[in-house]
Amino acid sequence: MSNTVKKDQEPSKLRSFLNSDTFKGMLPFIGLVVIIVAMNIMTQGKILTPKRLRLLLSQVYYPMIVATGVFFVMTLGSIDFTEGSTLGLASIVVSKLSFISIPLAILGGILTGAAIGAINGFFHVKFKLQSFIITICTMYLFRGVCAYLTTETAVPASAAIKALDLNWLKITITVGVLLVAWFLFRFTRIGNDVKAVGSGEIAARFSGVKTDRVKFLAFVAAGALTGLAAFVNVVKVGSITATAGNQLETQILISLVLGGLPITGGAKVRFSNIIVGTLMYTVLNNGLVMLGYESQTQQLIKGVIFLLFVALTIDRKALKVIK
Amino acid sequence: MSDKVLLVAEHIDKRFGITHAVNDVSLTINAGEIRALIGENGSGKSTFSQMLCGIYTIGGGTFTLDGKELHCRNQVEANNEGVAIIVQEMGTLSGLTVAENIFLGHEEPFMHMGVKDTRAMNKAAQRLLNEYGFERVKASDMIDLYNFEDRKLVEIVKATYMKPKILVVDETTTALSQNGRYELYKIMDAIRADGRSVIFISHDLGEVLTHTDTISVLRDGEYIATVQTKDMTEDDLKRLMVGREIGTAYYRTDYGETISGEVVVSVKNVNVPGEIHDVSFELHRGEILGFGGLSECGMHEVGKAIFGASWDRTGSVTLADGTQINDIPTAIKHSIAYASKNRDVESIIINESIRNNIVLPSLDDLADHGLLNNKKLTAFADKYAAEMQTKMQNVNQFVSDLSGGNKQKVVLARWIGKGSDILVLDSPTRGIDVKVKQAIYGLMADLRKQGKSIIMISEEIPELLGMADRILVMKDGRINGEFLRDPNLSEEDLIAKMV
Amino acid sequence: MSKTIEKLKASRYYGLILLCAMLLFFYGIFKILTPSNFGSLSNLYTYLQSSIIYSVGGCGLYFIVVMGLFDFAVGANIVLSSIVGVILAQKYGYAGFIVGCLGCGTLIGFLIGMLYNSLNVPSMIVTVGLMLIFESIAVYVAGGVKQTLPENLRFFSGAPGNIILAGLAFLLMYFILNYTKIGTYCNAIGSNEFVAKNMGIDVKKYKLIGFMLLHFFVGIMAILTVSYGTTMTALTGMSTMSRNFQPLMGTFFGVAFRKYKMPIIAIIVGEFIITIIFNGFVALGAPTTVQNIVTGGALLAIVSLTARGAKGSVVK
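Chains as they are written, first to last, in our numbering: chain A, 1 to 323; chain R, 1 to 499; chain E, 1 to 316.
Note that these hints are calculated values from the structure, not bench results. Worth double-checking, as some hints may not be accurate.
Said to hold, decoys possible - Simulated pairs of lysine-lysine, BS3-like, Cα-Cα distance not exceeding 25 angstroms: (1) R:K123 / E:K261; (2) R:K163 / E:K197; (3) E:K259 / R:K138; (4) E:K197 / R:K165; (5) E:K259 / A:K126; (6) R:K123 / E:K259; (7) R:K376 / A:K210; (8) A:K210 / R:K333; (9) E:K259 / A:K128; (10) E:K261 / A:K128.
Between the sequences and the hints, there should be enough to build the whole structure, so can you do that?
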């Protein structure tokens, strides 16, 4: 059924390959391999020792859980800046409830996150306010609540919950979250609906997608998963200060962009963006620490790599006007 | 019209990737002439004129205006050479005052060493507005305070105040009410009287025949002919545009069939604030119900109201089984389909594949216990895209690559696949070339025979006369007249109820 | 009756009335709740002096925000420019201080604009990346130590110095918006970039100018900020993110009141209202940690009232 007759000579095979979606889809994977290999060479193989890998993994769990939730929001083409303060507040709730019962603590964390997500979603959907503005407001608000609750002292967690700092448990939770999210994204309406809203919200509404509900639920999901991640965080750190989860939102944004998630969301989003992106960020972070760079040098390198990656992977076709 | 040649276009050429949009077009336009440029969609008429106006770069060949070769890189440079354009879509910018809009890109006369004399600019703009008879528009106001029609008038002032030697009017009239069109025709006539020229691009052949001197026809990017308007009829022009006799299968030919008494949708006292008032009617089984009127008469909102897509609607839309339609998901679930006039925004998701566009409303039907199967979705999309003879590479191609006609085929494929019994088609053939038009009319006749009910909302009167079993004419948000299918029904009968 | 209201709503005075009403409302609430330690004339004067610092940044951000762009590197540049300014001030006095802050500020704006134009990436993303980079550069420049503004160079740390400087910034803004093409073109680009391009506007150039103007104002803000606080410490870890938002609030006010043709007044009054609310809470005995809650809540309320999308519009 093809009616396109190729009249022109292709400009250059290499060039068209570099601009193709296939290459752009592969780029995050290539990037991940390159960064691992480069770090391995620069640290003379130290980064791939079992001990290091375990440490590396321990830093992947909660960002990956959070990124999974934010992935749905960013597929809508929206953005969520509240992860950091949500994690902080949910961690406080988890810690306080951990003295009563562990399951209650986990549930409390998830509900706290979901509630913040619901607030974001409500304002975004009902008042038609841009998500990045809303979530900046609520980020401020809940960061303030966190600070208020920890004004006097840090909030300690129970010994029982600290005893759960077990790798198998954290792996199970993380893998479980990823599998469930992947399943929902790939094999149910949810994935289609979220992508449809990201690509063309009005047309999606006219095709029977309950756009407002989809958007609201995506924010609730992002919040709830951040709340779950708070449990993993509490287990690891044991006591919560005002800075818990500080700047997590920027870390997640950078991770997902490194993973190749187009900032416009929509049809070209891939689930692998979450895994590749979070791994890449963590490897980069660890490698730079191991190489003994000062924090400002580490940050400089991260910034440059981030910009480089965005410039290479972004889908400029979907952005009619670049804002 | 004088014999003095104003514009000479020689061997104009333009390619977009593999598409040869304009292929070696040469033509001349005399001073004091209104020249229509017509052709099917994709015939290259807009591309041609936009190269003239500096919106596109010239691919090959030369434009010579008044003996001087043109090399404009943008609209402002074109303006300075004496070429101006009024575009189809919104050409004025929000957030700017009326005066800033009129003089955008031409601030130089008001600049003194980098400082802008705002007061003088407002004064000059107001003087121009008054000259055109648009006193009600205040130059120092924000343009945001005015409605679409007034903003279009400001745009006309902006395009014509510097007395261009040649003015391009690119499908502007589709966006204007009868009043606005009248203002525009007046200005075109004034330009002709002044010995300057107009290039008038329109799909509305009636308008072309009454308001131009000569007509140039383009087909598939190639120049076909230039003819004298007075020698032409609509059928002659259609023949030139498609290059063949359209034949009798264009519209339905049957007359005298009775409409079924079975009511499938009954609409009672529907109001949408600012759009429609107290609209009530019934749609019968196997009926094509036409809605006609001027573009702002509210008929487009009627389509949305039936589909549950209107904001703040009151009144009721009830199906035969008593179901109330108040939202889109319910409408779709109960077999209502809707194809919007605003196809690229409301009907299809541009940045998505053909496949995902076709399956979207049917996802619940295609899922097994809530689970989706990729192969099944692709097979479904393949089947209905093929049924509609959509021209594409495969269903994974993005809709953004398709022509207007093929996009509409994707929209229809989606609803045929969904098996909808009630189809609300708003301007189904808008901006679509004659061949696809014919296919759509054929499809509508078939669907009607299968007992499906169609509401066809259209601004094209011949289409209503040719296809509908019954026509409701709207005016100012209310139903103003009803006509049954009849070979003797004329355009004038309908127009009388519209204005 | 309704027609008169319609007419009033369209007039520019309506915006002014709305702003004053909001100001009086919040002032009134706190004055009633804590009449003794809130809202005396000298209190108000103090609030004004801290709020105008943010208003200056808000004016700068206005150029970028009306174009539909965004900038997260404002905070990083406040830190970087004030450190550069202070270091130069230690050697060259006021000249070094002012030239350092303004020069460094504008240069950073130039870099952001150039990079944004050449990478073709959304500004929100570019500036997140650049924020990381500028923060680390600031640490290098500061040499990892706290930089203190010399005692003898503190003209701008209180009235009248700070008010004069901020006033000059507002006048400059007024001039640019009303008596140059820049204001018109920024609005045009924000409204429809394609049409703007077709009208012969060099979009890239004006986006670059927008970023440079923003960061020139950020430079002024750096002077005021470091004068007010007298010291500046550079930190990494995206610590400057929070500095972006106080100026942004004023900008939101400005954009919301744009249709009344009075963005600058709206920015100044808007920032003042936020400061009043914060100080009102402090007067009520809330700990200073409440500041973020107030900021967030107030911002949420403002945007809910002013920046709502129309029914059926697409908001991301």
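Verification of the supplied hints:
The straight-line distance between the Cα atoms of K123 (chain R) and K261 (chain E) is roughly 18 angstroms, inside the 25 angstroms bound, and the hint therefore holds. At roughly 22 angstroms between alpha-carbon atoms, K163 (chain R) and K197 (chain E) fall within 25 angstroms of each other, so this suggested pair holds. Only pairs whose Cα atoms come within 25 angstroms are accepted, and K259 (chain E) paired with K138 (chain R) is accepted, the gap being roughly 15 angstroms. At most 25 angstroms may separate the alpha-carbon atoms for a hinted pair to count; K197 (chain E) and K165 (chain R) meet this at roughly 23 angstroms.
A C-alpha spacing of about 24 angstroms is found between K259 (chain E) and K126 (chain A), which places the hinted pair at or below 25 angstroms, so the restraint holds. Using a Cα cut-off of 25 angstroms, the hinted pair K123 (chain R) and K259 (chain E) holds, with the two alpha carbons roughly 20 angstroms apart. The hinted pair formed by K376 (chain R) and K210 (chain A) meets the criterion: a straight-line CA distance of about 23 angstroms does not exceed 25 angstroms. With a C-alpha separation of about 13 angstroms, the suggested pairing of K210 (chain A) with K333 (chain R) holds against the 25 angstroms cut-off.
Between K259 (chain E) and K128 (chain A) the CA atoms are separated by roughly 19 angstroms; this keeps the pair inside 25 angstroms, and the hint holds. Among the hinted pairs, K261 (chain E) with K128 (chain A) is consistent with the structure: their alpha-carbon atoms are about 24 angstroms apart, no more than 25 angstroms.
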